[in-house]
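**Student:** All chains, please: the whole structure from these sequences, using the hints.
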Amino acid sequence: MPMKASNSLFDPTLVRPALIHSFNKLNPIGLWENPVMLVTAIGAALCSIVFFQDLFTGHFSGFNLQITLWLWFTVLFSNFAEALAEGRGKAQAESLKKSRTQTPARRLRDGREESIPAPSLQRGDIVVCETGDVIPADGEVIEGIATVDEAAITGESAPVIRESGGDRSAVTGGTRVISDRIVIRITSEAGNTFLDRMIAMVEGARRQKTPNEIALTILLVGMTAVFVLAVFTLPAFAHYSENASGHPGSSDLRLTVLVSLLVCLIPTTIGGLLSAIGISGIDRLIRRNVLATSGRAVEAAGDIDILLLDKTGTITLGNRMATDFLPAPGVTAERLADAAQLASLADETPEGRSIAVLAKEKYKLRGREFSALQAQFVPFTAQTRMSGVDIAANGSQPARSIRKGAAESMKLHVKLMGMQYPESVDQLVENVARLGGTPLVVADGGEVLGVIQLKDVVKGGIKERFAQLRKMGIRTVMITGDNALTAAAIATESGVDDFMAQATPEDKLCRIREEQAKGRLVAMAGDGTNDAPALAQADVGVAMNTGTQAAREAGNMVDLDSNPTKLIEIVEIGKQLLMTRGALTTFSIANDVAKYFAILPAMFLGLYSIDEKPGPLAALNIMHLGSPQSAILSAVAFNALIIIALIPLALRGVKYRPLGAAKILQRNLFLYGLGGIIVPFAGIKLLDVIINILHLA
Amino acid sequence: MKSLDWIQLSFYFGALLAFTPLLGGWMARIYAGEKHFLQPPLGWLENLLYRYAGCNPRQEMDWWHFCKALLWFNGIGFAIVFVLQMLQSKLPFNPQSMPNLSWTLALNTAVSFVTNTDWQNYSGEATMSYLTQMLGLTVQNFLSAATGMGVLVAMARGLSRKSGHTVGNFWADTVRSILYILLPLSLVLSVVLVAQGVVQTFTPYAVAISPEGHAQQIPLGPAASQIAIAQLGTNGGGFFGVNSAHPFANPTPLTNFLEMLSILLLPSALVNTYGRLVGSTRQGWAILAAMYLLFIAGLALALWAEYQPNPLMPGLANMEGKETRIGITDSVLWATATTDASNGSVNCMHDSLSPLAGMVAMGNMMLGEVVFGGVGSGLYGMLMYVLLAVFMAGLMVGRSPEYLGKRVEKAEVICAMAATLAPFAVLLILAATAVTTSAGLSGLNNAGPHGLSEILYAYASMSNNNGSAFAGLNGNTPFYNLTGAFAMMVGRFAVIIPALAIAGSMAPKRIAPSSSGTFPTDGLLFVLMLAGVVIIISGLTHFPALTLGPIIEHLLMQQGRMF
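Line order of the protein sequences matches chains C and B. Read in order, the letters of the first sequence are residues 1 to 697 in our numbering. Read in order, the letters of the second sequence are residues 1 to 563 in our numbering.
In case anyone wonders, no lab produced these hints; they're calculated from the structure.
Simulated restraints, written as ranges between beta carbons of each label pair:
1) B:GLY75 to C:PHE232: 32 to 38 angstroms
2) C:ALA45 to B:SER442: 36 to 42 angstroms
3) B:LEU482 to C:ALA45: 34 to 40 angstroms
4) C:ARG657 to B:LEU482: 54 to 60 angstroms
5) C:GLY246 to B:GLY315: 29 to 35 angstroms
Don't be surprised by glycine CBs; every beta carbon is placed ideally from N, CA and C.
**Tutor:** Given below as structure tokens:
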């Protein structure tokens, strides 16, 4: 992200506006979205009315005032949590909005250039951008190559290359061309650009509820409804009991007390933090530079059963490195290395460079100055599928033509030269392939010198990562264009569960459909246009920001860092989101046990009592709270303060550990279920002691 | 407790656990339409029934058609029972010339038997003709039990099918439940009961001359046949007013054991059947384990409370309201079993249980009749809690909740919440109405918190379709007849309809293969969690009311004050 957001949860620059928003959010229309808090607010309003009614008739009740305040605080704390979670997103949205361009766009029409305001660009318009221009809207480069500064979107200051054709053709509105000139076809209309969607996403995270959030809200509404019934039928049973005991009025059934009991019982903790949890989940994604099109996609990420990962860049470092020279019979290793080095001197690909480096390290062959050789570099083309060097005859040295390439194309090359392709080289080639390497055959003229072994280097720590995923119940499938032998070797080395060799885009799509038909949820990462169908079909499709516009449109998430490994983190964030909701719901409901033991004996202390002594239900006061009023007050205060106390947990999320589901459940039930029963006993007792010391009740 | 008591308890649990897989497996074959040993002797009858009714047992219904068939079937059943009671004085098999019933009592009774509640605001021997007992009440004992079993089987199908929208054929399930399960079992049981001395006769009441020279009427009737199905089908409606405390209904230790065993026999075995129908017996055993856990916990508390001497009568265990020939252990075991299963038959007077044992009986019903519960209905009620537990567990492990590989989503949560909470809501609202209106209070015979317990018990029993009563309440008033009928309707159909809707919404969902990322619903952890969810949801709802009833009564008794 453009701004390196502070990692402190209670950053003062975020807290201050959040405090103000907490009050703005008391608006009943907004509260309607959150039924649990709506009930709390109605309760608080009723208590306020009671308090002021008493005040106007000349009875000031400190108890009623404190209860009323705590009830309002409960609502405000919940609003504060939400506002705080939104705060970071808002700040990000502000800075994004600034990069939304208002400068005129240079539209090309019938070969002429005209200046029009960027917002009035239409899909399909052609614009031109030169050094210093801000790209007016999302589009596809159709002509030229340029370096672009995308810091406004990705926060990455190093410029990136954007060029027509290939997989790096997408440009984003609001980014700046640093050098050269490109012609862009606009692919999105104003108001619907990538930047707009990003802003909407960070700003509006609260608006859309995810399926699980909706289901959970229903559960909470159900619990709230039944507690409303349980509390408001209680006076009927109490009146009966008072009459039966012969002492009418011996129980405390004031509205304030009933509302206190109700608010303590309804799941305010989770109700108050629910939307903050959702927003912060999206925020965590954004902080990892991943943009989701919807909260639903984030939630789905937690349910993934299968990850399809591209080999290159995800599992391996991305570049194959030369690791060995294997000479043909009758050829010395030095000769092979020398030829290989010559052929690679001008080869600027990482593979080519690694060959030169290996020759230097292994055979002390120092790099020669290419220009001094009067040599001409023959680059790799799709037709010849080989590269090399042609060296003109120089004195005693005859002209040489060195080539390196894949076995199949070299075989053809040698045959064309009218020479024999030795069978032993075939053997070498197969050996290399079996070990997961890529063989490059080197020939000098028509003579085959041997084979260069290129190997994929598997990323450090990736095997452990996959083992973790397996524990989480997620299988990984490696996708590669390599042949089955090579793929199998790398699969073994990296520890993936399965692999797809020589995979075409259609294969990927088929595989995804197949897994989905078996009831599995599939995630994949991709960048190319040919990945678009698979990205769209996958339940979670993460497009790389460097990829094509088609890929970015097809996926439901975009990784601004273009790092496919991030899929794993996305899964964890998805799981954390659900776990945090589940943990706090359990905690919230478990809390009720202690609250009953605080409030019920306080309400019914006098019931069936004889001679002003405490009645039988005093036995339920197992916390030995000071007085009925302090008991109720401390329960209500605990109920409000626990929301504040749990804000950090809600915003950071419950820590996810890659354990089996049974283990996680056991752990969370213990922490939040059992903990949820015990903590309030301690908390209410503590508050009661404080309240009695301060003589607040 | 003496060693004999322990031996009895272990016999009881041993027999129950032994029959569960045997009976469970056999029922699974019947519902799956596989071959079984009763097919050769009875299969022709099944086909004949289908042919006369013009229905095709292989034609599958979607959940709404299934539900409509069920509602019509129960509606017509209700009308027949209602009319029989309103006209019984003109109808045959009425040797005692019983008059017609008041319409409110007839309504209450008809609803009660159709909903498998068998709440009785009357005393059978003083109110009902033999015809009403047999054609009305006994027939409904079969039909209401079969209805519950059909709903359960439909739910099992919905949870285990991989595609399609259908959940089975209501008529086929009903016919098979009655023909192959309920009729044969109750035939065997009633023959044994008759052999042990339970009455089964159409002769008018016998007249004996007491030593003082007074003529004394001794009620008789076709009791054994009704008791057999009342016990097996978790109906529990007594032929005689005092139910199985009556020597003609429960004459010997063997009848006591068998009748008690029959209370839980089918509810327990059906859980096993369910496991088989969804393709994993372990799933069945897990739910059953949670049920046994809650059953044994309640039993232990109740036994402790009953053996605890009352401070006012030191050294004496509580024998009030119990038959000396049955004793404390068997009375408490029966009381716990009959309230866990929504049976409601009794062999002691629950009104006289000590406050805590009374609370166990009441609490068992307040759990929603899901600890075994009624035949079929207990398990589909428990499955609502299972879905809620799965939902919570799913969130806690960070994976969208799944049960048996199927997603639990908004629709299922709505249905499960509605089905769980509707009976609770009716209980609280009606009980609160009863204690604040003179119509409600006029039925009370007891003072103090015990009076409140009686009213709470009555509505807990009706709204959860149990049918047992704290005998102290006079329920035959228009107020109790009508509110009770409403509670029983809600308790039955506000659970059945969501249960079938869940079956319908789950049926087409794809089944995700399980992995280590999905938590197992057949392990110990889930058993404990399920039991916890049941206790917490029901406990939090009812705790305030219970505080003012049995809890305060217990505390007062400890102080030496009784009511």
